[in-house]
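> Sequence:
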Amino acid sequence: MYFLLLLILVSACETKDKQNDTKTDKSDAPIAKKQSKELTTHGDTRIDDYFWMRLSDEQKNADNPDTQTQDVLAYLNAENDYLEEAMSHTETFQDELYNEITARIKKDDQSVPVNENGYSYYTRFEEGSEYALYCRKELKEGAQEQIIFNGPEMAEGFSYYGIGSQDVSPDNQLMAFAIDTISRRQYTISFKNLETGDLLSDKLSNTGGSAVWANDNKTVFYTTKDPETLRQNKVFKHILGTDQSQDELVFEETDETFNSYVFKTKSKEYIMIGSNQTLSTEFRFLNANQPNGQFQVIQPRERDLLYYPDHYQDDFYIRTNLDATNFKLVKTAINSTLKENWQDVIPHRSDVLLQGFDLFTNYLALSERINGLATIRIKKWDETADYYIEFKDPAYLAYPTSNLDFDTTKLRYMYSSLTTPNSTFEYEMDSKEQELLKQEEVLGGFNSNDYVSERIEATATDSTKIPISLVYKKGITLGEETPLLLYAYGSYGSSTEPTFRSDRLSLLDRGFVYAIAHVRGGQEMGREWYENGKLLKKKNTFTDFINVGEHLVAKGYTSPKHLYALGGSAGGLLMGAIINMKPELWNGVVAAVPFVDVVSTMLDETIPLTTFEFDEWGNPKDETYYNYMKSYSPYDNVEAKDYPNMLITTGYWDSQVQYWEPAKWLAKLRALKTDDNLLIMDCNMETGHGGASGRFERYKRTALYYAFMMDLEGIEK
27 MYFLLLLILV SACETKDKQN DTKTDKSDAP IAKKQSKELT THGDTRIDDY
77 FWMRLSDEQK NADNPDTQTQ DVLAYLNAEN DYLEEAMSHT ETFQDELYNE
127 ITARIKKDDQ SVPVNENGYS YYTRFEEGSE YALYCRKELK EGAQEQIIFN
177 GPEMAEGFSY YGIGSQDVSP DNQLMAFAID TISRRQYTIS FKNLETGDLL
227 SDKLSNTGGS AVWANDNKTV FYTTKDPETL RQNKVFKHIL GTDQSQDELV
277 FEETDETFNS YVFKTKSKEY IMIGSNQTLS TEFRFLNANQ PNGQFQVIQP
327 RERDLLYYPD HYQDDFYIRT NLDATNFKLV KTAINSTLKE NWQDVIPHRS
377 DVLLQGFDLF TNYLALSERI NGLATIRIKK WDETADYYIE FKDPAYLAYP
427 TSNLDFDTTK LRYMYSSLTT PNSTFEYEMD SKEQELLKQE EVLGGFNSND
477 YVSERIEATA TDSTKIPISL VYKKGITLGE ETPLLLYAYG SYGSSTEPTF
527 RSDRLSLLDR GFVYAIAHVR GGQEMGREWY ENGKLLKKKN TFTDFINVGE
577 HLVAKGYTSP KHLYALGGSA GGLLMGAIIN MKPELWNGVV AAVPFVDVVS
627 TMLDETIPLT TFEFDEWGNP KDETYYNYMK SYSPYDNVEA KDYPNMLITT
677 GYWDSQVQYW EPAKWLAKLR ALKTDDNLLI MDCNMETGHG GASGRFERYK
727 RTALYYAFMM DLEGIEK
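Take any residue in the sequence shown, count from 1 to its spot, add 26: that is its number in my numbering.
Hints are supplied without guarantee of correctness; some may be wrong.
To be verified - Calculated lysine-lysine pairs in the DSSO-like style (CA-CA distance at most 30 Å, straight line):
(1) Lys-290 <-> Lys-263
(2) Lys-218 <-> Lys-229
(3) Lys-357 <-> Lys-405
(4) Lys-667 <-> Lys-59
(5) Lys-166 <-> Lys-86
(6) Lys-163 <-> Lys-229
(7) Lys-60 <-> Lys-656
(8) Lys-436 <-> Lys-292
(9) Lys-656 <-> Lys-608
(10) Lys-500 <-> Lys-436
(11) Lys-406 <-> Lys-263
(12) Lys-166 <-> Lys-458
(13) Lys-132 <-> Lys-405
(14) Lys-656 <-> Lys-63
(15) Lys-608 <-> Lys-565
(16) Lys-581 <-> Lys-563
(17) Lys-163 <-> Lys-218
(18) Lys-132 <-> Lys-365
(19) Lys-667 <-> Lys-587
(20) Lys-500 <-> Lys-458
(21) Lys-365 <-> Lys-405
Derived from the structure by calculation, the hints contain no laboratory data.
Modelling step: build the complete structure from the supplied sequences, incorporating the hints.
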């Protein structure tokens, strides 16, 4: 799940008085009708009063909406109207926040160029544009810029316009590019002649968004999606000049718990088909010079065996968890790829998580995580050098990026911290000298020295130490009246990184502390950190977050009257769990596109993502998992009690967490809660899981988040 890092703001007083003066009367809130539906599993019956809110794709796309669709749209629009009414007194402030946030962004910005196969590729924005220009220059003196795609022109007339992968043919003459205009991540791939500017007639629909070129410059491999579940399950071979209906199916993933994809090795010599699920992977390879050949399996899939290959010279290099909880690096000859032939290159270490690797002619660059922080290790093949690049911030992120050439001693890497804007460095591995190629320019007088970053720990219920990353402005008073926003994700082994966001300054400059709880379910502290926050240990994620909140209160950073929580998608599930478990700890909660109807969703294998997430949440067809899942599922555990102020967001076209989950949850909360706190929902009727596609448009929702929290703090400007 594509994981969201949003943010929020401020300091103040008279919180409850301000709220009661400005919020819309609870009696004005939409009341969803109830249609009781019995859902019986393992002899246990749940009553879902709002099951009727679920629509099929056919209903959503119908030219003439049926009665049910009309009822759902009427309810969602009523909630949007209520949101607008409830927050109307903050409209001017929201506009100010939006303008403030976007004013920090350089309008005519350009990415750091990436060189490949004789060309330099980059994107740039022109003043006022929501979308980028995609450009390239030939790597020769006096070369002129070629605008490959004009994003603003292409997106004109679309409420959503997502430009996916762009893949250039080996001879540099053609580009395959993917477009999604619905926000359901079902891309149509088209082809452009980069010499003439003409579009080819070929179109590939319902794809995963990327095309992989064989070395003949006319054959591409791509994945398609199951039209109902949106699972990438088929890999086709397309020859330019033919119709998609003629494409050859080269692989079909029949196991519904696996997802498939296709890519090319760094060497450009092999095309790989990957199949993956939470606990198992499998890869097939094909010589890119022989697109009509047969794919061969590297190592057949096994339960609990994960491996990820790349190619260099006569070997495949593989990151794997074979007898290695925290992963290790092995290599194996191309003609003998089974696991019994794998030879250790970097052995397993119990205290170091191997996250990735980059291969060079003379060097091996390793992405490792030690004590919760990302590191970059440089190792020379002849063993004359083995060292780590040094970083000074107490909390940061660093990782190699865009290293496309083998025969170089220069490593490009990204660096960011809670006080340091995103920075691209080029590091000379021989001399250890480095050059800053670009740092995100933050307009408006930003100075990183005006902010303080900390790394502290909380103690969990079971005595586990939970890392916390914090940032705040120098000079603010930390105490019971200090507003603090606590963020976490905590699922899929996705680590929440302590990186910089310029929009966060709108919170920090108004006295907020921003904190990240590195809870279990992520992978910050190694693979076991993830294993101890999923399946039948999922509740550790929720109790960790609560323990972090309690620790911040106990240490005098804030108090429950000024403590806020934010999470999105699986992090929205976290928000739903913590308000059921400890509602009195939070003054306000923002749950973005929240996955909250866990049991019903995981029982329905027609819903996108369900089948290949059983190893994350469990399969509720097993009674043990059903009972455990039901015990924390936010929707199933709403009670008649007081809840904090809440803002919920969703997207009508969301394919990842369907809109009806947050809509049903909101309706049930409103029907049962016993307080007068604010409960509102923003349902974007034109977007999906990731929100708006425009460069600036997305910050309108961020401004809403901030205004929601600041209003509760009595902050008006």
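> Going back to the hint list, which numbers does this structure go against?
5, 10, 11, 13, 18 and 20
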